[in-house]
Amino acid sequence: MLTRKDFLLGTAAAAGALAAPAVRAQAAVTLDVLHAYPSFARFFTPVAEEFMKANPGIRVSFRQILPNYDELHQALLRGALTNQLPDVAFSGFNRLPELARTLSARNQILALDTLIAGEGASWAAENFSPRMLALGKVDGRQYGMPFNASSPIAYYNPELVARAGGDPDRFPDSWEGVIALGAAIKRAVPQAMGVSYYINSFDSDWLWQALVQQGGGRMLSADGKSVAFGGEAGLAAVRLARRFVTECGMQLIGADQNRQQFATGGTGIIFDSPARLAVITNLVGGRFPLRTAPFPITDKVNGGVPTGGNAAVIMASDPAKRRAAWEYVKFSAGPLAQKIAVEMTGYLPVNLKALAPEFLGRFYEQNPNARSAALQMDRSLPWEDYGANGPRIHRVQQEILTAIMRGDLTPEAGLARMVRETEALMRTA
Amino acid sequence: MAFAAVFLPRAARSASPDRRLALAGAAFAAPAALLLLTILLAPLVVLLLLSLTDYRLGAVAVRWVGLANYAEMFSDPVFRRAIRNTFLYVAFVLPAGVFGALAVAALVHARTRTRSVYEVIYFLPVTSTLVAMATVWQFLLHPTLGPVTPLLASLGFGRLDLLNDPDLALVTLAVIGVWQMLGFNMVLFLAGLSAIPRDLYEAAALDGAAGAIDRFLRVTWPMLGPTTMFVTITTTISAFKVFDTVVVLTRGGPLGATDTLLYVLYLEGFHYFRTGYAAAMTVIVLAFLCALSLLQARLIERRVHYA
Amino acid sequence: MRWRALLAWALSHLMLATGAVLMLAPFVWMLLTSIRPAEEVFGAVFNPIPSRFAGVENYAQALFASNVPRAMVNGAVVCLGILAVQLATALPAAYALARLPFPGRGMLFGLVLFGLTIPIQVPALPLYLALAETGLLDTFFALMFPFFLTVFGLFLFRQFFRTYPEEILQAARLDGMGEFEIVWRLAVPAALPAIGAFSVFSVVAHWNDLYWPLIVVTSTERATPPLGILAFRDAETGGNYGALMAGATLITAPLVVAFLVARRGFVRGLTMTGLK
Numbered sequence: 126m127l128t129r130k131d132f133l134l135g136t137a138a139a140a141g142a143l144a145a146p147a148v149r150a151q152a153a154v155t156l157d158v159l160h161a162y163p164s165f166a167r168f169f170t171p172v173a174e175e176f177m178k179a180n181p182g183i184r185v186s187f188r189q190i191l192p193n194y195d196e197l198h199q200a201l202l203r204g205a206l207t208n209q210l211p212d213v214a215f216s217g218f219n220r221l222p223e224l225a226r227t228l229s230a231r232n233q234i235l236a237l238d239t240l241i242a243g244e245g246a247s248w249a250a251e252n253f254s255p256r257m258l259a260l261g262k263v264d265g266r267q268y269g270m271p272f273n274a275s276s277p278i279a280y281y282n283p284e285l286v287a288r289a290g291g292d293p294d295r296f297p298d299s300w301e302g303v304i305a306l307g308a309a310i311k312r313a314v315p316q317a318m319g320v321s322y323y324i325n326s327f328d329s330d331w332l333w334q335a336l337v338q339q340g341g342g343r344m345l346s347a348d349g350k351s352v353a354f355g356g357e358a359g360l361a362a363v364r365l366a367r368r369f370v371t372e373c374g375m376q377l378i379g380a381d382q383n384r385q386q387f388a389t390g391g392t393g394i395i396f397d398s399p400a401r402l403a404v405i406t407n408l409v410g411g412r413f414p415l416r417t418a419p420f421p422i423t424d425k426v427n428g429g430v431p432t433g434g435n436a437a438v439i440m441a442s443d444p445a446k447r448r449a450a451w452e453y454v455k456f457s458a459g460p461l462a463q464k465i466a467v468e469m470t471g472y473l474p475v476n477l478k479a480l481a482p483e484f485l486g487r488f489y490e491q492n493p494n495a496r497s498a499a500l501q502m503d504r505s506l507p508w509e510d511y512g513a514n515g516p517r518i519h520r521v522q523q524e525i526l527t528a529i530m531r532g533d534l535t536p537e538a539g540l541a542r543m544v545r546e547t548e549a550l551m552r553t554a
Numbered sequence: 003m004a005f006a007a008v009f010l011p012r013a014a015r016s017a018s019p020d021r022r023l024a025l026a027g028a029a030f031a032a033p034a035a036l037l038l039l040t041i042l043l044a045p046l047v048v049l050l051l052l053s054l055t056d057y058r059l060g061a062v063a064v065r066w067v068g069l070a071n072y073a074e075m076f077s078d079p080v081f082r083r084a085i086r087n088t089f090l091y092v093a094f095v096l097p098a099g100v101f102g103a104l105a106v107a108a109l110v111h112a113r114t115r116t117r118s119v120y121e122v123i124y125f126l127p128v129t130s131t132l133v134a135m136a137t138v139w140q141f142l143l144h145p146t147l148g149p150v151t152p153l154l155a156s157l158g159f160g161r162l163d164l165l166n167d168p169d170l171a172l173v174t175l176a177v178i179g180v181w182q183m184l185g186f187n188m189v190l191f192l193a194g195l196s197a198i199p200r201d202l203y204e205a206a207a208l209d210g211a212a213g214a215i216d217r218f219l220r221v222t223w224p225m226l227g228p229t230t231m232f233v234t235i236t237t238t239i240s241a242f243k244v245f246d247t248v249v250v251l252t253r254g255g256p257l258g259a260t261d262t263l264l265y266v267l268y269l270e271g272f273h274y275f276r277t278g279y280a281a282a283m284t285v286i287v288l289a290f291l292c293a294l295s296l297l298q299a300r301l302i303e304r305r306v307h308y309a
Numbered sequence: 003m004r005w006r007a008l009l010a011w012a013l014s015h016l017m018l019a020t021g022a023v024l025m026l027a028p029f030v031w032m033l034l035t036s037i038r039p040a041e042e043v044f045g046a047v048f049n050p051i052p053s054r055f056a057g058v059e060n061y062a063q064a065l066f067a068s069n070v071p072r073a074m075v076n077g078a079v080v081c082l083g084i085l086a087v088q089l090a091t092a093l094p095a096a097y098a099l100a101r102l103p104f105p106g107r108g109m110l111f112g113l114v115l116f117g118l119t120i121p122i123q124v125p126a127l128p129l130y131l132a133l134a135e136t137g138l139l140d141t142f143f144a145l146m147f148p149f150f151l152t153v154f155g156l157f158l159f160r161q162f163f164r165t166y167p168e169e170i171l172q173a174a175r176l177d178g179m180g181e182f183e184i185v186w187r188l189a190v191p192a193a194l195p196a197i198g199a200f201s202v203f204s205v206v207a208h209w210n211d212l213y214w215p216l217i218v219v220t221s222t223e224r225a226t227p228p229l230g231i232l233a234f235r236d237a238e239t240g241g242n243y244g245a246l247m248a249g250a251t252l253i254t255a256p257l258v259v260a261f262l263v264a265r266r267g268f269v270r271g272l273t274m275t276g277l278k
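Chains as they are written, first to last, in our numbering: chain A, 126 to 554; chain B, 3 to 309; chain C, 3 to 278.
Worth flagging that the hints you see were computed from the coordinates, not collected in a lab.
Accuracy of the hints is not assured; some may be wrong.
The calculated label-pair distances, taken between Cβ atoms and stated as ranges, are [said to hold, decoys possible]: (1) Ala-264/C with Phe-89/B: 36 to 46 Å; (2) Leu-154/B with Pro-516/A: 27 to 37 Å; (3) Phe-290/B with Val-259/C: 48 to 58 Å.
Using N, Cα and C, we set each Cβ at its ideal position, and we do this for glycine too.
Let the sequences and hints guide you as you build the complete structure.
Listed below in structure tokens is the structure:
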């Protein structure tokens, strides 16, 4: 039942919209937003609050948070069939290709290319490194806008480095350098591990992908349908893995045990997520002045590091909501939102402008160990996804890697087996 | 009707007493029966059906695949080693858990003043939260930071990495399993020991049984027969279900040396979300458990006959 | 002859004491670490006694800066919720199975016996799917629902009610008592020892359970004690092992203390699991 007042208001709004078709005029658009990991609410909420402060006409409302990227992905695929999609969702990078392909075939996802072009010719280049932006691209189109990103970094014990005759201020930027330093640490302190690169017990295949990608290799072919790590880069990676054991004295122990041993000064160098910085700093306590460094890259042209995290995708179909959603997505990838998220997580910022002093600049000055992650922004490569059988494939690969590192399998035989078993599992998915 | 039979005083009812009791019985049993139906029976039917499909959680399409899941299972090296590891685990835990507990119970039973102290100490692990204690074990067993490795080295065992050596990890989990259940079995044996009449020992002494070992073999062991059977079966079933220590300490590794049935089932069903395949695996696990329980029922029946 | 008895006495104490040390070692280590300062947590092999008492900061972190207290509250809620429904449904049903002739009684009891062999892992998959479909994952209901049914309780209480004197029941009926009144005013009070023992069994089982919570719970808000300690251990959320051990102590303490206080009842309650 329309009252006279409603009618007047409606007319006024319509007139206003006609007169000034800007976002501001759209009275109270509510965006329905979905993200994964309940603990992420600690930065999603303040970012949304800042956004609503800057855009009073738009309200952000979060759906029930899903436990992880896989369940979010399943929920979106189901939502597509029943037309229950949220307006904006933050999809895990590794799930984005499948999501974009499925939804674009049904016309339920918005490609952002024209919106980005609409921001002006230089906007994209001023805000994002090409590698970072590429994380949101699927089949040449920009479906996702990166929000959270993280890639592995090195943590090292400068006291052990110094005892081995290395320079704690200049961490090696090549893997030959890392191996040499690790071997020197092992010689100087025989009961210590020189290097721990614990792909034998890490809880995902992230570190293993990093070892392949830094040498210019990829896990999968461009279409994502066949295995691509069986070549030179893959072989170099498994050889490195074995050398950590034979030359740097790495012991094959559990993930927690590895962090504990590093924290007590029993390991020279470990590789881990930048998100663990606070935890590892805490574990180390005052035992030694913990340092971090970017992940060494052998192939400076094609090499990179796998980037975990998520990208915002727009699924709204209503034009007003689409405009509002773009404002929100843009804000999330902007310097202020990045400052909020990065300071809380240790992730790397996706936005170049976030490095300015008024955003993260001062934070990095006070926390130099946090900066290593940010230095890897333009080395970001996708964290590649094997599809539905991914977790099983990781478990099989981890076992073969352990066998290679133990010396039960030669690097060549192990790599061949890994390729064979991965392909078999991809076929049955 | 049922409501009236149960809640109204007798004078207000007119049905025959038998009928009234039957109605009350049905009303009392109804909630539990409903739970039985929804929590046990319906899931079992669904499970059997799922095991014949290729369903994956969240999948849009499902196909009937007949017995393909079962066929895959028996050629799946992970499932096969899970069976092997589970039986190996049982084979480690069973003798240590039964005979160890019997030895402790016999020793504790003979004590008078200190008996309750030992009882409390040996029973303590049973009451503890295994997950919390497993994090303590992880700590104790750290090859370079924990106290166990240097202790064993000083006893001449060399530097052992008890959780990360594929040849040792399963035994280590078994030792932790025994640690947890020993006190429980001890209490069962203590109850069995207390039930042996003293005059049997006197009679045995008259028959010429001299010394503790002789007494044990002639009186204690035969009289404990039923208890031992019972402890053996319950230990087998609980060892068969090993899960917590695997999740917390080894996650099936290293090199799959600690993949056990329930852990692999958990991975397939709730980590890989291969629902159909996991359902087939569950059916096999259920078959094992039913076989064990039938054995248990048989033995208890026999115990009743001979007692 | 006297020296032989003495030797046997010494030998038996030696064996028992050695075993006792092995049994207690993890507890002692846990307690010592929980009062150890962070910088001494590792490398404490050769000086097990902490150089300074850091129990206050470790327990403060476990109590005020971790999810452990919430996990314990959740554990209490879940255990008591499960127990309440179990008793409310199993007691009258067990009484009916024992004393009231109703159609289907034999079949129901047969199903109860069958159910005794089935652990949670068997119906877990379909129950998970049903909870996922109805959007009930990660709720208290999801944590409790599968355990509302207790075939073990049904079996135990039925055995107990079978021994209840028939004359008293007849007299009560002649006095005009309804069956509902008989169950809750005569039979249940008489069954209190069995109820107590069953409660111990139920609470211990669900306080410590890992399998089901691991499957249905994803948020820290719903974590049960084992999940609380796992999350605390996960290096993403905390790095202080002294505090971790303080948390482990807190989570282990309620049951251990209950055991020390009510030893006989506790052991009786738990040994009934042997029947299962």
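Hint by hint, here is what the structure shows:
1. Ala-264/C with Phe-89/B: 36 to 46 Å: holds, 38 Å
2. Leu-154/B with Pro-516/A: 27 to 37 Å: holds, 35 Å
3. Phe-290/B with Val-259/C: 48 to 58 Å: violated, 37 Å
Checked against the numbered hints given earlier, this structure breaks only hint 3.
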